[in-house]
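The letter at position 82 of the sequence shown is residue 82 when you use the UniProt record's numbering, and the numbering goes up by one with no holes.
Keep in mind that the hints were calculated from the coordinates and are not lab data. Incorrect hints may appear among the rest.
Said to hold, decoys possible - So the derived label-pair ranges between C-beta atoms look like this:
no., residue 1, residue 2, range
1, T28, G114, 37 to 43 Å
2, S63, I112, 31 to 37 Å
3, K60, S166, 55 to 61 Å
4, L21, S106, 14 to 20 Å
5, L21, Q162, 34 to 40 Å
6, E168, G85, 21 to 27 Å
7, G115, I165, 38 to 44 Å
None of the values given here were measured: they were computed from a predicted structure. Glycine residues also receive a C-beta, built at the ideal position from the N, C-alpha and C atoms.
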Amino acid sequence: MLGYKNVERVKPSGLELVDKLVGVQRVTKVTKGGRAFGFSAIVVVGDGNGVVGHGLGKSKDVSSAIAKAVEDAKKNLVRIPILDGTLPHEQKGKFGGAKVFIKPASHGTGVIAGGAVRSVLESVGIKDVLSKSQGSSNPHNVVKATFDALLQLRSAATIAKQRGISLEKVFNG
């Protein structure tokens with residue numbers, strides 16, 4: 001979460017967090033005694049009201065990998081600006097080979113997103129959004145690219161405060 005301006009970190013205490021499993025991978029390590037199987041799980045947690053975080057957990061069995069991922073996700077919760085159930089403006093995000101484009105949509109559109117992007121956007125609590133995932137479809141990188149786009153979002157009130165001007169001047173110039 002480093003390198004972003006105005007990122008508001010959130011403490012997990014007192015929040016009704018819901019976790020969504022994005023993906024589980026079976027990882028194999030070949031040793032002289034045969035193959036050792038492990039699992040890695042990527043999870044997104046959110047309160048459905050602008051607070052979201054993601055985490056990765058690794059373990060020898062699936063359930064403990066998911067539990068570790070949920071704990072990790074709760075450690076890096078951030079607040080995302082939401083405007084009437086959608087985004088304040090369109091934004092592109094990038095991480096590794098994954099690129100994500102998210103765009104606000106009118107009321108009643110729903111979440112038009114695939115796979116990992118959908119999990120993140122639903123956890124944030126965004127109801128109407130258009131999105132396109134380009135490049136890599138690796139869920140780890142797609143989740144991080146979506147977070148990159150979401151963390152760059154700024155509300156009109158934030159922009160007005162940063163520039164030291166009134167809200168009307170932000171819209172009317």
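Against the structure, the hints:
Distance hint check for T28 and G114: the Cβ-Cβ separation is about 27 Å, which falls outside the suggested range of 37 to 43 Å. About 32 Å separates the C-beta atoms of S63 and I112, a value consistent with the hinted range of 31 to 37 Å. Distance hint check for K60 and S166: the Cβ-Cβ separation is about 58 Å, which falls inside the suggested range of 55 to 61 Å. L21 and S106 have their C-beta atoms about 30 Å apart, which leaves the hinted 14 to 20 Å range violated.
Taken as a hint, the range 34 to 40 Å holds for the pair L21 and Q162, whose Cβ atoms sit roughly 37 Å apart. Distance hint check: the CB atoms of E168 and G85 are about 24 Å apart, consistent with the given range 21 to 27 Å. For the pair G115 and I165, the supplied restraint of 38 to 44 Å holds, since their beta-carbon distance comes to about 40 Å.
In this structure, the earlier hints numbered 1 and 4 are contradicted, and the remaining ones agree with it.
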